Amino acid sequence: MLQQSRSTSVDFAGRTEQQSSLDLEDIQHFLMSRPPARAARYEFLTFRSAAGGRAWLKGLIEKVGTAKAVGSSQVDSRWVTIGFTWAGLRALGVGEGSLATFPEEFRQGMAARAQILGTTGANDPDHWVGGLAGPNLHAIAILFARDVAERERCRQEHERYVTQCQSVELLSCLDLEAIPPFDYAHEHFGYRDRLSQPVIEGTGVEPTPGSGPPIKPGEFFLGYPDEEGLAAGVPQPEILSRNGSYVAYLRMEEHVAAFRDFLRQHGETPDQQELIAAKLMGRWRSGAPLVLASDKDDPGLGADLRRNNDFSYAEMDQHGYACPLGAHIRRMNPRDTTVNMNRRKMIRRGGTYGPPLPEGTPEDGQERGIAAFIGCASLIRQFEFAMNVWANDPNFHELGNERDPIFGTQDGTFDMTIPNRPIRKKIKGLPAFTTIRGGAYFFLPGIRALRYLASLGDGH
Amino acid sequence: MATAVPLKPAEPSRPQARAWTKPQAMAIPKEGYFKLQNGRYGPIYPPTPACHGFTIIAKIKPGREEAIRAYGKTIEKAVADTPDALATLKLHYLRWVLFEIGQDTYFMYQGIFDTDFDKYTEDAVALFTKYGVNTVFENLEGFPEDWKTNVPAFVEFVREHQCPSFLEYGEYPFATADEIKKALKLKAAFADMLDLMQ
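Chains A and B are the protein sequences, given in the same order.
Just so you know, the first sequence maps onto residues 5 to 464 in my numbering.
Just so you know, the second sequence maps onto residues 10 to 207 in my numbering.
Source of the hints: derived by calculation from the structure; they are not laboratory data.
Nothing here was measured: the structure is a model prediction, and the numbers come from that model.
Beta carbons: idealized from backbone N, C-alpha and C, even for Gly.
What you were told as hints is all true, and nothing was included just to trick you.
Derived pair list, reagent style DSSO-like, types lysine-lysine, alpha-carbon separation capped at 30 Å: (1) A:K432 / B:K190; (2) B:K128 / A:K432; (3) A:K429 / B:K128; (4) B:K190 / A:K429; (5) B:K70 / B:K86; (6) A:K429 / B:K191; (7) A:K430 / B:K191; (8) A:K430 / B:K99; (9) A:K432 / B:K191; (10) A:K430 / B:K31; (11) B:K99 / A:K429; (12) B:K194 / B:K86; (13) A:K429 / B:K196; (14) A:K432 / B:K31; (15) A:K430 / B:K196; (16) B:K99 / A:K432; (17) B:K190 / A:K430; (18) B:K139 / B:K82; (19) B:K99 / B:K44; (20) B:K44 / A:K432; (21) B:K194 / A:K430; (22) A:K429 / B:K194; (23) B:K31 / B:K128; (24) B:K99 / B:K191; (25) A:K430 / B:K128.
The following residues of chain B were derived to be distant from chain A, with all beta-carbon distances above 10 Å: (26) T30; (27) E40; (28) P55; (29) I66; (30) E74; (31) Y80; (32) K82; (33) I84; (34) A87; (35) R104; (36) T114; (37) T144; (38) E177; (39) Q207.
Excised from the complex, chain A in its bound form (with noise of 0.2 Å):
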């Protein structure tokens, strides 16, 4: 059931659909395409009966976009992606033979594997809000939209249509809109998002450069061959499992006061403060990657597709003079210093919440952040190796005592080197300047999936 599209329309992801080979009418849009929202809402359900729940989702997926349909309109104001849970898709009615072919992971889901992701201490689940760490976490359904009016408009029909189907309770929910100014992604430390996202073969878009060659669609969704050939053992039956995701839901709280203490105290004029920023991160606040500017921020080069992520680590900054080997963006896309790099791709989804703190103004004690979503075809081959190894490994590259500064687990024990010549800095006690509020694992079924999920009690 390939989709040979001969169509040659460009559409805003940029991609022509000439050599696609996917099953673009089946795949749910939310890995494929990223639509021009401002506003989103994630609304975190539990199902009280299977029949609730079939009922909710049957009247749903005609809402659903697919990635066919995302991808071709430029008139549309709000996307729906819908994903469940191990348990969700338990509490659906799957059978107990299709549940055990799920892979562990993802029927322990991200609360059990704490120890692993390394997410403790304050990151630990026992203090996750919105219940997400608990057993009655079912289903999410993502709502991204253009603008806060239409997302409001979306959350009050959803509200009544959840009201409609008893048995069906929202747990929490997290509303997300975009922070100022909005003509970049950024997120609220004030570092540029988005600026590497792995390509998938197939969808016509072309890599920009440095980013390396387009990765084969099983990498993402399953039932198409991965970077390896085939991959094998997919969850039963078929339809379920084909054109589906997995994607780990991470709600990050970021400690904006905190970090603009921190760089206020490592920094004593603003250019190098803003270096240390630089430091942490591996680019320049601006977008500007630090192997292609060591010295002084080059904004220019940081909103250039074309050249900034046209960089590597083993053949330009062996030893991290300019972004060190500890840098965000070294751990989490370490290019030429590893191998097997394509196996380890995911695509990132998602936005900040909460309001944005202005410069100069002292903790104010509300909540903000970043909520996103890591897609892959494999949570242990590719998140769970993310956390585990390139998050919170403290050896990782060898550097015997460190974290990710951003995204890794601190709580003031572990160190930050920064290289320099003639004598390196190391930065001791690194404070947190993150603390996960919530997690889960859920799979993105496709289209056809999302069906047959809800017509379970029709004799199936």
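Fit chain B to the given chain A structure using the hints.
Below, chain B without anything else, positioned relative to chain A:
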């Protein structure tokens, strides 16, 4: 949530700086670890004064001894042609041994390396595929036939056949292969410099 397991003896304190100056032995509980800590594929085995390592012992299928012995030559050539073929594994040493118990022949694979095997399992599997190490493993009884695409099954085989040491010793504890190579390089450079000054 994860709970501590209090019944095991406490793990000796982690190596300090310059641990290599003092030889050290470490007695290891039967399980192979001091405190149960789970990695992605099961319990994590701690580093010892003899670094990370494993000892895998498995019975070979009858009549396959020569095929396994012959494979020694293949690895020899692969490393000769591509000296960094196994660099990913951060190895110190590998030992492959065949021995007999009664009528049966067993294969023992001992490796000493610097990375936590649990962390880089998929990279090891990819490497085994690339250099055809499967020709050896596929001659072992119980090795999963779909190992190339089924990493969990491969890992399960390794874990089932892994025999943890009960004692490990290091003359220069916790030194990594990279550190040793750096030190030897420095020594060579220093010797060259002294020669030039004569």
